[in-house]
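Taken in order, these protein sequences are the chains called H and P. So the first sequence is numbered by the numbering used here: it starts at 1 and just counts up by one. So the second sequence is numbered by the numbering used here: it starts at 1 and just counts up by one.
Please note that a few of the clues may not be correct.
[Stated by the list, open to error] Computed cross-link-like contacts, BS3-like style, restricted to lysine-lysine with a CA-CA straight-line distance of at most 30 Å:
no.: 1; chain 1: P; residue 1: K257; chain 2: P; residue 2: K116
no.: 2; chain 1: P; residue 1: K8; chain 2: H; residue 2: K200
no.: 3; chain 1: P; residue 1: K8; chain 2: H; residue 2: K35
no.: 4; chain 1: P; residue 1: K116; chain 2: P; residue 2: K49
no.: 5; chain 1: P; residue 1: K257; chain 2: P; residue 2: K109
[What the hints assert, rightly or not] These stretches of chain P come out as covered by chain H in the derived footprint (C-beta under 8 Å, 3 or more residues):
no.: 6; region: 25 to 31
no.: 7; region: 180 to 191
[Unchecked claim] Pairwise CB distance ranges, derived in the manner of DEER restraints:
no.: 8; chain 1: H; residue 1: D39; chain 2: P; residue 2: K49; range: 48 to 58 Å
no.: 9; chain 1: P; residue 1: F105; chain 2: H; residue 2: D39; range: 46 to 56 Å
no.: 10; chain 1: P; residue 1: T187; chain 2: H; residue 2: R68; range: 33 to 43 Å
no.: 11; chain 1: H; residue 1: I153; chain 2: P; residue 2: V82; range: 48 to 58 Å
no.: 12; chain 1: P; residue 1: E97; chain 2: H; residue 2: R33; range: 54 to 64 Å
no.: 13; chain 1: P; residue 1: G228; chain 2: H; residue 2: F134; range: 53 to 63 Å
no.: 14; chain 1: H; residue 1: I194; chain 2: P; residue 2: A32; range: 27 to 37 Å
no.: 15; chain 1: H; residue 1: I194; chain 2: P; residue 2: Y248; range: 56 to 66 Å
no.: 16; chain 1: H; residue 1: E132; chain 2: P; residue 2: G143; range: 51 to 61 Å
no.: 17; chain 1: P; residue 1: R79; chain 2: H; residue 2: I194; range: 34 to 44 Å
no.: 18; chain 1: H; residue 1: I153; chain 2: P; residue 2: Q3; range: 23 to 33 Å
no.: 19; chain 1: P; residue 1: S141; chain 2: H; residue 2: K35; range: 41 to 51 Å
Read the hints as simulated data drawn from the structure, not as lab findings. Just so it is clear, the structure is predicted and the values come from calculations on it, not from any experiment. Here a beta-carbon is modelled for each residue, glycine too, at the ideal position from N, C-alpha and C.
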Amino acid sequence: MKKRDRMLMKSETVISEKEIDLHRTETRSLRQRIKAIIDADIAARLVVCALLLIFFALLQTTIFARFRILGAIPDLMLPLTIAVGMTERGRWGAIFGIAAAFVIESLGAATVSVLAPLYMLAGYLAGCLTEELFRDTPATRAAYTLAACFVHIFFTLFTLYATVEELRFGDAMRLAVLPEFLASLVFAPIPHVIAWLALKPFHKPREEKVQ
Amino acid sequence: MKQFFQSKFFYIVTVIALLFCIVPTVLASMGATFVLRDAVNGLLTPFQKFFNYAADAMDGFAGYFTRFDALVEENNQLREEVAELKTQIYDSTEREEMYAWMADFLEMKRVHTDYKMLAASVTGRESGNYSKALTIDVGSSAGVEINMPVVTSEGIVGRVTEVGHNWAKVTTIVEPNSSVGAYVERTNDLGVCRGDFSLAADGLIRLNYLPGDSEAAVGDRILSSGYGSVYPRGLVIGYIDSVEINPYTRSMTVQVKCAADYSDLSRVMVITDYDITVVSAADLEG
Numbered sequence: 001m002k003k004r005d006r007m008l009m010k011s012e013t014v015i016s017e018k019e020i021d022l023h024r025t026e027t028r029s030l031r032q033r034i035k036a037i038i039d040a041d042i043a044a045r046l047v048v049c050a051l052l053l054i055f056f057a058l059l060q061t062t063i064f065a066r067f068r069i070l071g072a073i074p075d076l077m078l079p080l081t082i083a084v085g086m087t088e089r090g091r092w093g094a095i096f097g098i099a100a101a102f103v104i105e106s107l108g109a110a111t112v113s114v115l116a117p118l119y120m121l122a123g124y125l126a127g128c129l130t131e132e133l134f135r136d137t138p139a140t141r142a143a144y145t146l147a148a149c150f151v152h153i154f155f156t157l158f159t160l161y162a163t164v165e166e167l168r169f170g171d172a173m174r175l176a177v178l179p180e181f182l183a184s185l186v187f188a189p190i191p192h193v194i195a196w197l198a199l200k201p202f203h204k205p206r207e208e209k210v211q
Numbered sequence: 001m002k003q004f005f006q007s008k009f010f011y012i013v014t015v016i017a018l019l020f021c022i023v024p025t026v027l028a029s030m031g032a033t034f035v036l037r038d039a040v041n042g043l044l045t046p047f048q049k050f051f052n053y054a055a056d057a058m059d060g061f062a063g064y065f066t067r068f069d070a071l072v073e074e075n076n077q078l079r080e081e082v083a084e085l086k087t088q089i090y091d092s093t094e095r096e097e098m099y100a101w102m103a104d105f106l107e108m109k110r111v112h113t114d115y116k117m118l119a120a121s122v123t124g125r126e127s128g129n130y131s132k133a134l135t136i137d138v139g140s141s142a143g144v145e146i147n148m149p150v151v152t153s154e155g156i157v158g159r160v161t162e163v164g165h166n167w168a169k170v171t172t173i174v175e176p177n178s179s180v181g182a183y184v185e186r187t188n189d190l191g192v193c194r195g196d197f198s199l200a201a202d203g204l205i206r207l208n209y210l211p212g213d214s215e216a217a218v219g220d221r222i223l224s225s226g227y228g229s230v231y232p233r234g235l236v237i238g239y240i241d242s243v244e245i246n247p248y249t250r251s252m253t254v255q256v257k258c259a260a261d262y263s264d265l266s267r268v269m270v271i272t273d274y275d276i277t278v279v280s281a282a283d284l285e286g
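Bound-form chain P, shown alone (with noise of 0.2 Å):
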């Protein structure tokens, strides 16, 4: 056993193994990106979209068992109204979701004038069990940058962290310690939004640093800001799932569901550029 640690090949490899955690973490912490982890990402991410893909056939498939009921029911109602109305359907599920997505798209654009968007899709997600991130189908080439919003039209997903050639890493808001500025609609009162390792897995995030006598109930909608230099001010984060007030201290903790289901994300936009707008506390209140 003692010579499997004692030959030259093992002290050679143990060097290289040692660099290999290194310096991608070191560059990751400075966000550069390591030229080799740039080539790996630059090679399999066309890969990676043959694989999602495969994915979703098979989400639809295990779908057909699980939601068996649910589906026949349906089933039912959309034979009645075939039947009534004869009409033949002529667009296939992928485009109709296409259409709809686009026509979000559009909405939002019409909304935010001042944003300029980029349509991406998601090819690949986390690989541990430690973090909240994805992978999407633009990077530089297309003009994407570090720290760029990423949004769907039901709301903020994330922040860009990495970016290669023609793939880029997006960091959720769910993602324990990252945090957006963040304000009550219906009370304008003021928090900051932060991820937390034992909510993340049920899409939920802690809303800090609301004033003790904040009004804010359930179901009251959390929008972004605009404090910090990452998102834009009013997108939507999510919707407050919880309020408790401890008796004591008076101080609130409140959950927030997040508006965009991250289990099921497979196109988002890139904001590539928006008017940066100055708001103070007195704004938000007038």
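Pulled out of the complex, with its shape left as it was, chain H reads as follows (with noise of 0.2 Å):
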């Protein structure tokens, strides 16, 4: 009798240690495929990115500033920048929003460089905001690229003021600010709709991804 239980005890435990082998061959080939999945994710979502500055760039700096349409160029890639920052979060938001700014002023005549801090603090700050307080909705993308071109207009005349001698303050909120304040909002939605269609793809839930 006692033998035969020690028989059969032995028997269980060969099996279970296989069972256990094989479930975890299966997980660390499930893990494989998520980490595989996740870099070519992360590869796709730059080379989107990457894509959406380079054409939001050209459209400001060709067809928006040939027609000047409310007398202004509008100021694409603030509200890019911000999409991109809500979408992805702070820290995509934060380095697309330098990659923005050193390509829009390379690309554009600026002597002076002023972009990078307030495009890289409204990615950022977008980006955490969507992802502690408030749900990204179109009501919260309004507002935030709202106060940043408020922001901006500081910024413009900043640089107004470094590069202009004897400007006179009205003329330069009449001529400038105010103009390229109106165009930016006007045509903010571009920016945000196409980079929200571009990203879309990446946000699916995990599950629907593995299959």
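Assembling the complex is the task here: the two chains are given apart, and the hints tell you how they should meet.
Now the structure itself:
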């Protein structure tokens, strides 16, 4: 009787170890699959963000600079940075902001570069606030864009006073600052919508991606 | 909220952002080009060209709606001409424009034999609302250098202020703070044309330092005087748009309409070399 019991216990132990091994192998394979998906996902997001950046920089410095709708060139990169920050969160927003500022100031003939801190903060805060406090809705996007464009006014004024001699405040507001503010707000939905559409596929539930 | 600004990541990106402000600004003030900036421009200039073609096409399409009446009239005239002359149009509009531009180019070469010129296309414009600058598709590889004058057959556009391998930035003469030595062709009065922020949007500049007894009048042509080291003498700057005389101080306020139309520039010429002629005030009066 004792011998039979011992035999039974031994066989059960063997079976359970085999099961554990199998389970471990399955878990490892699943983990590898998820890691591969995440790596590919990050690379694809980077490419999409770079393409968005280049597309809107070219749009701003060629077509919008040519037509000057509403009397000014709208700042498309600021709403785009906010859109990327809100979709991809703060870290992406901050890095994208610095890149966006550098590209747009390189393509335009900017002699004074000031936009990097503004874009970096806009992207970073939009991402952090979306993650921690407010949900990503059209209303929050509009609020962040309005706030960022308002801060942009001070950056434009600073640049104007740094580059133009004998500048009158009234002229600066009438000819550059207010038209730019209005044009940026009016055209802000374009980068928001395009960035949302372009980055939306990367925000599917994980199960859907694994399948 | 406070924790957003206390992370290590935030400090690092803030430092990077500040570097991206300081380094390009300092290098630009020294007249040097930031390597990364050169790379971005070099990479994206061909794409800018493509976007400019798209802008040209959109401009033509928009013009169909905004100038509809004028186009209908023009269309009728053209139909009549076609009926009367029974000729066919062989060349596309773009080709005709190119011929016209080439003819202007050759005419300019004929008049100013000492000029060595380089044709360039405008690929980009300013990105903000505080400057009037252009990007052209030729750079140091074609021999372009800083301070070379840029012109069209109509007149002066500006001067090269930044040069990359296959691109260059041109600061126009309507840009605030830019100045060109000038004289009134009819009266030979010397002055200095300066860009003015409040006038730039209308393509106007100020002509300062004219003598109090100058007889300059609206419509007079303003040419470059050759003073300074950038623009050769005799290039057209523009035409006097308005003259105001202060009845108490007798000082003149003259506004000049630039000859080159900055809103519609697509091709320009860079003067890479010219004979410097020393001009004195006595020569001008003589």
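Against chain H, does the region 180 to 191 of chain P show at least 3 residues with beta-carbon separation below 8 Å?
Answer violated; 0 residues pass the 8 Å Cβ test.
Pairwise beta carbon distance, I153(H) to V82(P), judged against the given window 48 to 58 Å
For V82(P) against I153(H), whose Cβ atoms are near 54 Å apart, the range 48 to 58 Å holds.
Holds or violated: K257(P) to K109(P), with C-alpha atoms at most 30 Å apart:
This hinted pair holds, its Cα atoms lying about 24 Å apart.
A range of 34 to 44 Å was offered for this pair. Does it hold for the Cβ distance of R79(P) and I194(H)?
43 Å, holds
Holds or violated: K116(P) and K49(P), Cα atoms, limit 30 Å.
Roughly 25 Å separates the two Cα atoms, so the pair holds.
30 Å limit on alpha-carbon distance, applied to hinted pair K257(P) and K116(P)
27 Å, holds
Could you say whether the range 33 to 43 Å given as a hint is met by the Cβ separation of T187(P) and R68(H)?
36 Å, holds
Assess, step by step, whether the Cα of K8(P) is no farther than 30 Å from the Cα of K200(H), and give holds or violated.
29 Å, holds
Quickly compare the C-alpha distance for K8(P) and K35(H) to 30 Å and report which way the hint goes.
26 Å, holds
Against the range 56 to 66 Å, how does the distance between the Cβ atoms of I194(H) and Y248(P) compare: consistent or not?
The hinted range 56 to 66 Å holds for I194(H) and Y248(P), with Cβ atoms some 59 Å apart.
Does 27 to 37 Å hold as the CB distance between I194(H) and A32(P), or does it fail?
36 Å Cβ-Cβ, so the 27 to 37 Å window holds.
Under a C-beta cut-off of less than 8 Å, do 3 or more residues of the region 25 to 31 of chain P approach chain H closely enough to confirm the stated coverage?
holds (count 3)
The structure fails to meet hints 7 and 8 from the earlier list, while all remaining hints are met.
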